[in-house]
Each structure stands twice: as C-alpha cells, then as structure tokens.
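*Asks:* What follows is the residue order along each chain.
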Amino acid sequence: MKVALGVLAGLSILASTGLASAQADWPRKPVTLVVPYAPGGYTDSVGRITARYLEKALGVSVVVENRAGAGGIIGTAYVAKAAPDGYTLCVCSVGATSVAPVAQKTDYDPMKDLLPISIVSTIPQTVIVGKSLPISNMTELIAYAKANPGKLNYGSSGAGGLMHYSVALFQVRTGTRMTHVPFKGGAPATAAVVSGEVQLSFTNMTDALPQMEADTVRAIAVTSVERSPFAPNLPTVAEAAKLENYSAESWNGIIAPAGTPEPVVKKISDALAKMVDDADAKKAMATAGATGVFTTPAEFKKRIGDELAQWAILVKEMKGGK
Amino acid sequence: MMDVLGLLAHGFTVAGTPQNLFYCLVGALCGTLIGVLPGLGPVATISLLLPATYALDPTGAIIMLAGIYYGAQYGGSTTAILMNIPGESTSVVTALDGHRMAQQGRAGEALAIAAIGSFFAGCVGSLVIALAGPPLAGIAQKFESPDYFSLMLLGLVSAVVLANGSVFRAIAMILLGLLLGLVGSDINSGLTRMTFGFLQLSDGVNFVAIAMGLFGVAEVVSNLETRGEKKGQIARIGSLWPSMKTLLATKWAVMRGTLMGIAFGILPGGGATVASFSAYALEKKIARDPSRFGNGAAEGVAAPEAANNAAAQTSFVPLLTLGIPTSATMALMIGALTLHGIAPGPMVLTRQPDLFWGLIASMFIGNLMLVVINLPMIGLWVKLLNIPYRMLFLVILVISGIGVYSVNNSVFDVYLTLAFGLLGYILRKLDAEPAPLLMGFVLGPPMEENIRRSLIISQGDFMVFLQRPISLTLLLAAAALLISVALPFIRKRRVEVFKDESAI
Amino acid sequence: MNGAFWRGNIDFYCGLLLLSISALAIWTVSELDFGTAQEMGPAYFPLVVAGLLGAMSLFMIVKGLLTRGEAVGHIEVRPLFFILASFLAFGLLVQPAGLIIAIVTQVALAHFASPDTRVIESILFALGLAVFSAVVFVHLLGIPVSLFP
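Chains as they are written, first to last, in my numbering: chain X, 1 to 322; chain W, 1 to 504; chain S, 1 to 149.
Because the hints were derived from the structure by calculation, they are not lab data.
Cβ atoms here follow ideal geometry from the backbone N, Cα and C, with glycine treated the same way.
If you want the ones that stay clear, here's a sample from chain X, every Cβ over 12 Å from chain W, calculated: (1) Ala57; (2) Leu58; (3) Val60; (4) Lys112; (5) Ser136; (6) Pro232; (7) Lys242; (8) Leu243; (9) Pro263; (10) Ala271; (11) Lys274; (12) Asp278; (13) Gln310.
Calculated pairs, EDC-like style, for lysine to aspartate or glutamate (alpha carbon to alpha carbon, straight line, at most 20 Å): (14) X:Lys282 - W:Asp57; (15) W:Lys429 - S:Glu70; (16) X:Lys184 - W:Asp203.
Take the sequences, apply the hints, and build the full model.
*Replies:* This is the structure in structure tokens:
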C-alpha cells in the first residue's frame, strides 16, 4: 500500500514537472462538482458516484455541492458563469440543458455557454399503468386513450419536466389526449399510479423498478431508443407503438463552463472513459436504475443540439394547440 | 406478534454490534449538534456527511443517517426553547411556550420535559413501526389529493387555535403566510409567481430564512429595545428539573402528542408539521385554563415535542415499506440507500431483513442514547442563559447568520432573513403573531397543489371533498374546531361591544 | 375625530401593511392565467388568498379609524438599524472576504445596537465566535466557504 502510494506520488510529481503550463497541472486543488438538484435525487446519486470515481482517478478530492432550484436552472447557470479553469464542473441533466432553454427563459445558452464533456449515465423512462386498468401493452393504451379522450390521467414531476414532455410528445405523435396531473417530483407521481389516483405515468426507471418488482404497477414499455438491460422484456415505445424516432431519455453528463482549456477537458474525458468499465461505479449506477455511458465531447454536444431542436418543435405545437 | 418480537430481537443483535452502536452514537451526536445550531437542518447535514458513509456497510450507514435525523429533532427544541429560534417547522410551536418558560427561569424544566417527552414518543413510534409498519403504510396510501387538502385545512384551523390574541388577526396572519408560501414556481404550469425577477426565489422562500427572521432576529431587536424595561431579561434560573408534579401533569399531553405524531407522521408532505401544531392546539383546547398557553405551559412543550419525535420515527414507514419518501430528508435516505446498492421499495422488508429490523432496533437504542446525552447537557444549556444578554445576543446573531447561509450556501437567504427580521419586528409592534403565519407558509403550497390536483381529477367537481370519507371526516373536524374557537371569541366581542356602548 | 386616529393605532397600521402586501401580490400575479375551477391557473389560488387578505385588511383599517384601539408601541431606531446592518454586512462580506472578516464585522456593527455592550467583551466574543464558526461549520460540517479572502 505504502509502495503504491509512493509510486503514485512519484508519478504525479513527474507528471506535474514534465508539463509546464498551469492547465496541464490540473488538478492541483479540490474540484467542485455542482449538482443542480436537491440532495437525494437521482442526479445527486449519479453525481456522487461520479465524484467518488473521479476522486480515485484524479487523486484530488472532488466535492459535491448541491445548488438546487428552478428545475436545475440555478445550478446550471452557476456553472455556466463559473471560472473556466476545470475546478467547477456540473453534473447536468437533460431537463435544464435540453428542455428548459426552449421551454422557458434561462440565463445561459447551452450551445454557447456550456462545454459538454461526457454523458455519464442514461436512464430510460418506463411507461407504467395502474393494475386496475385493462391495458397491458402500448397498442391497448393508444386504443383506450382514443376511445376515452381526456379520461386517462397521467402523473408527472411537474410542468415542463421530462415526465410531462415525453407524454406530450407521445400525444402529439399518436393523436391521443390525456389529462396532465402534475406532482411535486417523480416519486409522488409514481406513488399515485400505485395507489390508483392517476392511471399512468412515464416514470424514471429508478422509481419504477422497485414497484415493478413488487408487482404494484404494470410496466408496458420503455421510452429509450433501445431496450433497457434492467427490463429486457419491455419493448421500446418506438417499436410497440410504431412511433419512429420516439425517444425520451434522461441523461446526466459532466459539463464544464465554456472556455475550459482543452488539456483539462481531455483529462476529465479520459477519466470518464475508464469509469464506464469500473466495477464499483457500474454496480452503483445499476442500483440507481441507470446505465453508465461514455460519449466524446463532440457527440455530447450534437446530442444536446438534436434534443433542443426536438423539444423546440414540441413546445411550438403545444403553444399552437392551445 | 411472536415472530415480530423474534425479528425485533434479531434486529437488536444487528444494531447491538459494537460498530453499529458506534455509528448510532455518532449519528445521535451529529444530529444533536446540528439540531442545536440553527439553520443547518438534517437535509443539509446528511448530504454533507453522506460521503463519510461510503466506507460503511448499508445497515451501519442508514443507522447513522437515521440517528442524525431524529437526533436533530431532539436538538432542535433546545434552540427553540433557549433562544426562540425554531430551526425546523416542527419546533415552531415548541418555541411558543418553551421560550416563555426559559424567560421565567424554567429553561431546565422545559428542556427536560422536551427530552423526556421525545424519548417516550420515539420509543412508542419505533414500536409502532415494528408491530404495524406495513398495515399503516397501507392506510397512508389510501390518502388521495382531496384528503390531503382537507388535512391541510385542519392544520390551518389548528394554527388559529394556537394564537393568543384575536382570532381575526390570526386568520389574517395565516393568509399572509399562505401568500408567502406561494412565492416561486407553480408546478402545474412551470411559471414563477411573485418572485420579482429573483431566480433565487423560484423554489420559494427558504423556511429557515423566514423562521429565523420572524422569530430570531425580530426577537433580538425587540429585546435590545426593551433592555431598560428588562423585558428580555431572563429570570433567575430556578430548579434544573421539573418537579414530579409537573412531570405527571404532562403525562397525558405526551401520550396524546405521541398518538398524533404517529398518525400524521406516516403521511407524506407536512405530516410532522401538522402533527406538532395539532398536538399543541389539542392541548390548548382541552385545557381547563387555555390562557396558560403562550405563557409557559408545560403541556405546550411536551405535546408537540412528543408529536414531532413520534412523527420522525413513523415517517420511515412509507420509505421502508413502499419506497416512497415523505419529506426531503427521506428522499435523501433513498439516495443514501441507492448509493449503497439497495433500491428502497416494497421488497426491502423481505430482501433486507437485517437492514429493516436493525434500523428499527437502532431507533430504540438511539433514543436512549439521546436522552442520556441530552439530560446532563441541560445544566450546560441553562448556564448559557446566565451569560448577560449584551453578549448572548451577539452569539444569537452570528449563529443565525452563518446558520442561514449554510442551508443553501446562499447570500440571498441572508438578505431574506434580514427582510423578514424587519417584517417580524413590525408585526410585533402591530401585535400580530408570527406562529400562524409560519403555519400558513408551510401548509400553503401542499394545500394549493392538492386542491388543484383534486379538481383536475374530479373535473371541477367540488363535491369530491365531501364524497370521500377521509376528507369528509377531516373537514368536519376542522369545522368543529373552528366553531369551538370562534364561539367564545364572538361571545367576548359582544360583551366588549356592549361595554363600549355603555361607556358612551 | 378622536386622538387615536391621528396617532394611528395597531389595527389601522396592521391593515395598511396587509393591504399593501395583498395589493402587491395581486399586481404581480395579475398577468398570469386565472384559469377555471377545474383547471386552476397559476394566478387562481394567490388571487383568492390575496383577495381575502385584502378584504380583512380593509376591515382592520375601518376598525382602526372608528375605534380608539391600542396605539403602536414606541419604535427605537438604534437596535433595529444596527442589527439589520450587521446582517447586511455579513451577507456582503462572507463570500468576497471570507467567514472570519464577515463575522468580526457583523459583531462590530451589532456592538452598537445596544448601549449595554462593552468593547472588550464584544472583541472577545467576535474572535471567539469566528473561531467557533470556523471549527464547527467549516471544519466539522464542511460548509463550502473560505475563511479568509
């Protein structure tokens, strides 16, 4: 153990003396990882798993700081304005990065003010329906919704969140109409499906899995492009409802303020590339219902761009429809 | 029944291992510390200490985190009693009579009653989880939006009862609180309301800022102002311990508080707050001389403290049996379990019996530790009050400042505290009480959320509140309580009116 | 008119305060959608609450004008000003100047809030509280705030 530490210390000295520029020295002090949500949620878990791994990989402490508020906008805006020195990073999520900028006003432009490094985890949504409903697959859901317009109530984590927009998109694409019942967060919305207060929701896999295992709800599909390893029997919405390109997937990714030096971004990116195969991180992600993922900064940026375009169309349609 | 005892015995062998006892102690100590410090609540502390639990096994980790949570409930009453700063919505009512007792030189008595009441309630609460956790969770699940709305309404009516002055003013203060509670994002539309462009307000006004401003800061200002008239002066400290007579007098108050805490604690969203307010309201209502309340009534400390501690224990029921968090702290517990590789949900009981029963057993042990830690501390706390006020107020100010800052690391919250300190001071001058305001503030958002959800689901039919048995019962209780509060007031008013007329 | 009106009484001022708050609330939400009972808009609930509060405050004002009522207590400016200023100073300084300077400044301003304070005691308490906060909040609890500039 001591030897290993010695070697590590020696290596790090070599590394730091070998490269002259201050950026290449990175990291020399603790790195702050901002979680733009309250502690205890799903993004918080992913943030802490990532922080734990980066601490090992980078050899400095990585401090998780919760800056919750306004559906992640406050924390994300904070990071967008932070010094681009690699010491302030964000565990951003799809909501504040790809949905909020088109649905409401934000202080940052995700394409200009943020520098995406890598998605670290994705989590599909699961379409769950109450056990008392005569619905066991997507075709039946569409048929039922068409026969009873406005009668089905769906729960969401609040207006403008992914749980709301994924259903809104589904309705636009299938020509159905259901009633939106917002809750304060995803967990109570899921609980309402269990108790029967609402009939369905497109809920995070994290919240859905325990209920599926206990057989208190009926899961009929996942919203991701591919089937989820956590529930391989569930078809995707795209295949089951024949909706090409339908996808609503929650992701969490490490994002730096725009202008962060290239060598720093590369170091973080390299470390995250290895995290995908790390056994501990994998196991922790799996319990959270998430899948560990790695993307290059370019892939990540393109994805945000695509999503912004997709939700912009939906927001336009929803506003036009009213 | 027998196998529950067997399982509980097994739980004690899990919780009784030296390292788990140690984690329980660490949790209880941390909890007491942050409970005593105003501002930083269990949510912030647990998230700060979460990384420290990575190295522990899941059972040890959850035992420690739970200890922080109920430890904070013990500690929270200390600041409320000594300095009139309620750090949590559940200790607002404790401050009402507790602080009066402290001013009368009965701080030791108040603290001891709070600790003993909490201990009793904590043990009964844990026993209830062990014996009836799953069926209770089933009842909690029967609550739907209309029932929650009616529950919140009952809570607001209780807030009228706890006011000392005019009922009319109390209702006005509740409405002001409701209005303040509505600041921030509207979950139904995603739009922000009444934020005046401040992004920091988009999640609402921070509770700690408003409570600390209205109670703590305003209290300091008005105490300093009345120094000459020695109003803020604390009387000579009397005995440290409550007399046997006082203890026995609070016996039933503790029992009733415990029952209310157990019943409301299992309900998500504000259950514990409603429990402590209603427990206080009930005591005041059934007391032979209600005017003692607000002037240092021991039952006014015993009942709400028992209620909030019982609720702290039973709020674990929905978490452990259904995987549903009832509060921000419980959401954090879910996060902690997830990080330790356990997905909380209906299966925890069967798949992780060690964790479930170990945790429950640790609650008994933790409560015992807390009462052992806290009772000897009372002497120390009371000594703190011997510091002359010209120095003590500096302590209160500094701890409030850093305390409110630490909640969200937000300077904005410090300014909010300042603003509410000013408001609190003005309200004091106008003889308007802040406690009903805080109750409105806490219950406003869930009230709006549930009435809107009820009406969306019922398609605009208000009858839904009367058709559901749970909701109807709660509404009737609220109506009965309101009438019983208003009647003596109306009668008194009529007498006053006649007096005025005869004076002319 | 009786004398109570000119000095003002607590009912009158309390009503005035609440009336201005509810008017402010009504004004800020007036642009938002009111909605219907079934689909309450974001303005529905706040408007109902503010409307009730406004009505009650009008009643208070009228009562304050018509009855003699209790007069507003004496307001002393000194403690109010210095306590609020000490909080403001803490807020302004804690991030740029660090916790130690913020707390010392806070205590220094609060010192003037009361005529009873003594310089030596306040200095000792300022230092003691700064050290205590540094140890408990920053060191033990890990609040992310720097101690020095």
